[in-house]
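Throughout the sequence shown, residue numbering follows the numbering used here, covering 26 to 374 in sequence.
No lab work stands behind these hints: they were computed from the structure.
A few of these clues could be false.
[Said to hold, decoys possible] Calculated pairs, BS3-like style, for lysine-lysine (alpha carbon to alpha carbon, straight line, at most 27 Å):
| hint | residue 1 | residue 2 |
| --- | --- | --- |
| 1 | K202 | K138 |
| 2 | K321 | K208 |
| 3 | K88 | K162 |
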Amino acid sequence: MAKKSKKSQALQYIGIFVGIVFIFSFWLTYTVFFKPAISIPQGSENYLFAIPTGSTLSEATQKLSDEIHFESSIGFTFLSKIVSLEQHVYPGLYKLSSGMSNKDLVLLFRSGKRETVDVTIRFGRYADDIVRAVAPKIEADYNEMLELISNQEFLDSLGFSKETAICLFLPDTYECKWNTSAKGFLLRMHKEFKTYWNEERINKAHSMGFSPQQIMTIASIVNQETNKIDEKPRVAGVYINRLKQNMPLQADPTVKYAIGDFSLKRIYKGHLLVNSPYNTYRNNGLPPGPICTPQKADIEAVLNHESHAYIFFCARPDYSGYHNFAKSYDEHLRFARIYSSWLDSEQIK
Numbered sequence: 026m027a028k029k030s031k032k033s034q035a036l037q038y039i040g041i042f043v044g045i046v047f048i049f050s051f052w053l054t055y056t057v058f059f060k061p062a063i064s065i066p067q068g069s070e071n072y073l074f075a076i077p078t079g080s081t082l083s084e085a086t087q088k089l090s091d092e093i094h095f096e097s098s099i100g101f102t103f104l105s106k107i108v109s110l111e112q113h114v115y116p117g118l119y120k121l122s123s124g125m126s127n128k129d130l131v132l133l134f135r136s137g138k139r140e141t142v143d144v145t146i147r148f149g150r151y152a153d154d155i156v157r158a159v160a161p162k163i164e165a166d167y168n169e170m171l172e173l174i175s176n177q178e179f180l181d182s183l184g185f186s187k188e189t190a191i192c193l194f195l196p197d198t199y200e201c202k203w204n205t206s207a208k209g210f211l212l213r214m215h216k217e218f219k220t221y222w223n224e225e226r227i228n229k230a231h232s233m234g235f236s237p238q239q240i241m242t243i244a245s246i247v248n249q250e251t252n253k254i255d256e257k258p259r260v261a262g263v264y265i266n267r268l269k270q271n272m273p274l275q276a277d278p279t280v281k282y283a284i285g286d287f288s289l290k291r292i293y294k295g296h297l298l299v300n301s302p303y304n305t306y307r308n309n310g311l312p313p314g315p316i317c318t319p320q321k322a323d324i325e326a327v328l329n330h331e332s333h334a335y336i337f338f339c340a341r342p343d344y345s346g347y348h349n350f351a352k353s354y355d356e357h358l359r360f361a362r363i364y365s366s367w368l369d370s371e372q373i374k
């Protein structure tokens, strides 16, 4: 009986030990694999976590711990070693959800399933305006992109000059990888430029005697002359007529650009004396490049400009934003005097 009792007791101990091991294994498995490992800050359903290019697994793990509440970084590290995550750290933007387990995190990072970002190109007067707005949206370094957009050797490879580099940035919204480099983004913009300037548009530009960049230069002036979509083709037609007749464009927006003062509401004779290749009162032909990023509507307005005999236009004496067009200088002078008197009456200096 004593022997049986001892044997029974031993079996009990073994059973207890096995039970403890089982429970511990279950707890460990749950903790490492399935227990919620992260919690997103209150007020957010998801968190976009960026892994910079060149990051090691250790650096990515530390960054994750620094940015959000990480319950089990040790368990994450352990599981990462099992699946050799160190060899598969893909830079980019990852969408994390509160309650994700270590298993979820490891599988996400291992898969390389990254989120894209929308980069919107809006109005800008200079190429660096666009670079300044774009760089924070992606991984690209602002200074590196600015240096590239000013590097003539790089621009030559794309068919642009420093003055026409702004043509690369067609206003639109583009879906990009977050880990896009400075050069990668500019090459993407060049690809978008070539896509927009298809054979039909290029042929139309050439039939008018212009390159795509020259069309965009005219379009940038149209952009600054009127924001009325229905008037843009008529304004474009005026500048096409003046170029055909070898007349100076005499476009006030180019004077503002040459001076660098875009707050000017009136252009006086003294302003017209500024010595700059962008001053179209002193220089015939087109300025060296666009004076802003033209919208696609501006480009289309030039390519499909209105055919007419107008060579002058002047803002109407009201706040409509529209213009009076003239075929002769005398007619234009009459409109200009009326407008000037109206400006005086409105105390617009």
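Hints, one by one, checked against the model:
For the hint pairing K202 with K138, the CA-to-CA distance comes to about 11 Å; that is within 27 Å, so the pair holds. Restraint check for K321 and K208: the C-alpha separation of about 24 Å stays at or below 27 Å, so the hint holds. A hinted pair counts as satisfied when its Cα atoms are at most 27 Å apart, and K88 with K162 qualifies at roughly 19 Å.
When the structure is compared with the earlier hints, no violation turns up for any of them.
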